[in-house]
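Engineer: The residues making up each chain are set out below.
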Amino acid sequence: MDLKKYDTRPAVVPIKKIVRENDIVNTYVFEYPLGAEPGQFVMLWIPGVDEKPISVAYDDGKVFWLTVCKVGPGTQELFKLKKGDKVGIRGPFGTKYKFDRRDNLALVAGGYGAAPMYFVANEAVKKGCGIDFLIGARNKDLLIYTQKVMGLNDVRLHIATDDGSAGFEGYITQVLEDVLGEDPEINKVFTCGPEPMMKVVGDICAKAGIDCWLSIEKYMKCGFGVCGQCAVDDTGELVCKKGPVMSYDYVRKLPEFGKYYRDAQGQKHYFKS
Amino acid sequence: MENLSVEFCGVKFQNPAVLASGILGVTASSLKNVVKNGAGGVTTKSIWLEEHGGHKNPTMFGTDHYFMNAVGLSDAGVKKALGETFPEYNKNKPAPIIASIVAGNLEDFGKLADEINKCEPDIIEVNISCPNIENECGKSFACSKTDASKVTEVVKKNSKKPVIIKLSPNVPDISEIAKACADKGADGFCAINTVGPGMAVDIDLKLPILSNKVGGVSGPGIKPVAVRCVYDVYKATGLPVIGTGGVITGKDMIEMMMVGARLVGMGTMVYYREAKGFGKVVKEVEDWCDKNRVKKIEDIIGIID
Chain L
1 MDLKKYDTRP
11 AVVPIKKIVR
21 ENDIVNTYVF
31 EYPLGAEPGQ
41 FVMLWIPGVD
51 EKPISVAYDD
61 GKVFWLTVCK
71 VGPGTQELFK
81 LKKGDKVGIR
91 GPFGTKYKFD
101 RRDNLALVAG
111 GYGAAPMYFV
121 ANEAVKKGCG
131 IDFLIGARNK
141 DLLIYTQKVM
151 GLNDVRLHIA
161 TDDGSAGFEG
171 YITQVLEDVL
181 GEDPEINKVF
191 TCGPEPMMKV
201 VGDICAKAGI
211 DCWLSIEKYM
221 KCGFGVCGQC
231 AVDDTGELVC
241 KKGPVMSYDY
251 VRKLPEFGKY
261 YRDAQGQKHY
271 FKS
Chain G
1001 MENLSVEFCG
1011 VKFQNPAVLA
1021 SGILGVTASS
1031 LKNVVKNGAG
1041 GVTTKSIWLE
1051 EHGGHKNPTM
1061 FGTDHYFMNA
1071 VGLSDAGVKK
1081 ALGETFPEYN
1091 KNKPAPIIAS
1101 IVAGNLEDFG
1111 KLADEINKCE
1121 PDIIEVNISC
1131 PNIENECGKS
1141 FACSKTDASK
1151 VTEVVKKNSK
1161 KPVIIKLSPN
1171 VPDISEIAKA
1181 CADKGADGFC
1191 AINTVGPGMA
1201 VDIDLKLPIL
1211 SNKVGGVSGP
1221 GIKPVAVRCV
1231 YDVYKATGLP
1241 VIGTGGVITG
1251 KDMIEMMMVG
1261 ARLVGMGTMV
1271 YYREAKGFGK
1281 VVKEVEDWCD
1291 KNRVKKIEDI
1301 IGIID
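Going down the list, the sequences are from chains L and G. Each residue of the first sequence is one higher than the one before, counting from 1 in this note's numbering. Each residue of the second sequence is one higher than the one before, counting from 1001 in this note's numbering.
In case anyone wonders, no lab produced these hints; they're calculated from the structure. It should be emphasised that the depicted structure is a prediction, and the values quoted were computed from it without experimental measurement. We put the CB at the ideal spot given by N, CA and C, even for glycine. Any given hint could be a false lead.
Said to hold, decoys possible - Sample of chain L residues facing chain G (criterion: CB under 7 Å; computed from the structure):
| no. | residue |
| --- | --- |
| 1 | D50 |
| 2 | C69 |
| 3 | Q229 |
Pulled out of the complex, with its shape left as it was, chain G reads as follows (with noise of 0.2 Å):
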């Protein structure tokens, strides 16, 4: 059988498939039984430090190509975190566990950053790119490198453990938000977020379908974008990619290590493959290395030139 474990910011990963933030995370129940469906590690809806209401439904929907989501973030806040979600999930723990955090300023982003810390996740991603949420400037703080490497900054300050910035397509130039905050001391990153906003609209109706009018895009069709994103994160800084955007299948799984991912997040396969789907991705990589004699699965990271 093929290695496929990857260490990832000095974390042990059985397999490089984890679960991204957003989807089944809202329980300890739901994370652990996408680890047994065979996610090498799960990532946390993302916490806010208080509780925060999201969008009223309809928040999403798919198509054969792509996904839409507006759920506008709804959590708990940090104490459910702390007093439920994490001890559950650390009794028995199953796998890595990448706690994804959300505020809307700097000074929420470095309390939470320290009480995330009393959750003892084995990573914090930090969510600067939610296309639904805005700073209180109105826009992302991923869609500047000033605003993105501040909050790199006070994150790092309070954190305890390896922090990696969720970074937005919606950039011109990914590369540069990425060096600005690696110079901050980012140990890694996940890309990327959902891609737009975009708008889809009920013709009939004549009313746009996600009650938040806009919402983010996931799934098949922005594959491509995200493979590229990667790619430029990496060549840009060389730390550890979490490469996450329309992954389904085990061959996209190998595409997105090839660009630099050394991990990689899948959110949008489970609307069409089922929790269940992790296992078979996992299985159809190691069929790919089988078959392609690659008897380690970190060989393969970022071999793209």
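Isolated chain L (complex conformation) (with noise of 0.2 Å):
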């Protein structure tokens, strides 16, 4: 009997390999065919303890990869766990990032962001986009990804670092002024990291008239349309459904965006400027 359509108990997968990619970040591994579009997330449930929303950083249909930075109790939890402990995992849910062969893409990706980012790259290179990837991070030593990105073929990497210990010394999002006056043929920009960097992304883009999209981050108890935690003012629609890619044409428009988030209670905080 096919009870599948409305199910989302979780599936329970072993990890089957650790990668440590920082101090803080490590990559969990997971044979088991998911089927995750760049941009989706998963509710990666961490029995006994918590299950929070994960951004996937690559997905074959056999494998796919989920990239963790230590934040809070949740995944400080989860970074105790070893090879072959299970973990519960919902999804994909959300919506993808959407492009097609004749796209040029500028990736600009903030600190753990470049796991999602790396996913779409993986993608685009398949279909022939020209990719422009980006990372930023305050030091070289919160870099994630670099290796994995300059072992895809044709990809133009660029770092820049707060502290200048790797690439440029400044903001990421200056290098994207560069990176897009140098080459016209870049049409659209995909972004995933902090919210106020995302703004600044999406303003440059807004300015050049190129499309952008970004993946938004909020709290969420449910991930399937239910609990209305990451529902955004003032549209009221939800994350975890309209998003978490959104066009940045949706999202510079709603009050919330770069300003504020909710907490578990849906108690507003600012984000410190």
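Two chains, two frames, a set of hints: combine them into the complex.
Structural biologist: Structure, rendered in structure tokens:
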């Protein structure tokens, strides 16, 4: 009997491999036919601890990766798990980054946003898109995925660090302005990272008249459109359904974008400027 | 076009489909979006006097037949309702709003009812029946006619708006509880809250799926229980009832109204049909009325003997 259509019970999958990216970021490899596309996320259940929305970093139909940053008590417990330990997976959920072979893409990643951007690059390379991959971080120890990106054919990698310990000294958004200036063929910009950074990326694209899509991160309880925790002001639409990948044209009109986010109780918190 | 408008406790609703408490009810924007998608009214997520943390994830999951949740009534407290949710919702208010309130003791229920007046909701719904929250004695207020009537009395005393009580199906005789609340001045009811609690285990992990171990059951599987409860409550009191529980389609809604519901609450429907499901359900009701020559939806309320 197939009762799968509306089934959101977690699939239980063992961790096949753990790759250390840096002190606070690990990539978890799973052998499971998830069927995710670039931009989509899963709800990752750390049994007995908590469950969090995590963007997919790679999926070839047989194996998928989740790259996770140790940011709170839930992810701290995840970092204690070992190869062979089981976790729960629900999804994939949400919208995708859309591109085809005619597109020339600039992918702008902030910090661990490099992981979902890598998934885009990996698929876009197969389609023959032109790709500039930009990664920014506070310092070189926080840069991730640079080796993996360099392993992709014909992808131009650009790096910026706040302290200049690797690549350009300054913000990755400054590099983006240069890249767009040098290559008028670039017709789409995808970005994933901290909201204030994505706001700058979006504004640069708006000014240049380039299509920009970004991935929004919100607190979620379900991930599939019921709890309402990820509803954005003032449209009330859900990031788990209308997003996480949304156009900058839509996002820029949201009064909360780049300004505040909500916690598990629905309380507003303003971003530190 | 048929007349789908309904009057409930003196408040006019454009159609009988209302958002149930706990779903898509965290912010004013979200509530307004539900109205935009076709709901005739909305209910807030339950509001506490102070900020209240919920349970860890997983807090919910669904199947083809039922849904389970144990969110734990997370809420930022009445201060947020007063400072943000209600002022924003009431600005260009698109449809009536029902304030759901919850507390762990009588004193807090009294204070909360007093505070919630200032929010200017159309109706106050008193959540005494969440199966995941207990009173100080370890059970829900809705499971004892003494407790239920005491809560009704204190909220009625402090409230300037119509007060409806959200009842639990998890009692031997729901009519008895409803009558006890009606005696203390309840203006109506919402029936039912979730069934159970239930429990589901992941057999690979050998762990309950919900972090709270148990959770309230909703969705298509509980509809017969909800229909029976609405029937019982309406027969016992004659007061207006929001019939809630397992309503997914227009036909489900008609069924609920035939046993006595004046309004019909939907929550888990959103899991199966998204927010736009409200508009679809209302359209299905309209089509049914058209086909069956029902001119006024109020004419079918409580026609089942």
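Engineer: If a hint holds in the structure, say so; if it doesn't, say that too.
Structural biologist: Quick rundown of the hints versus the structure:
The closest approach between the C-beta of L:D50 and any C-beta of chain G is roughly 5 Å, which is under the 7 Å cut-off, so the hint is satisfied. Annotation: L:C69 was flagged as interfacial toward chain G, and the flag is violated, the nearest CB pair being 18 Å apart, outside 7 Å. For L:Q229, the shortest C-beta to C-beta distance to chain G is roughly 6 Å, which falls under 7 Å, so the interface hint holds.
When held up to the earlier numbered hints, the structure conflicts with hint 2 and nothing else.
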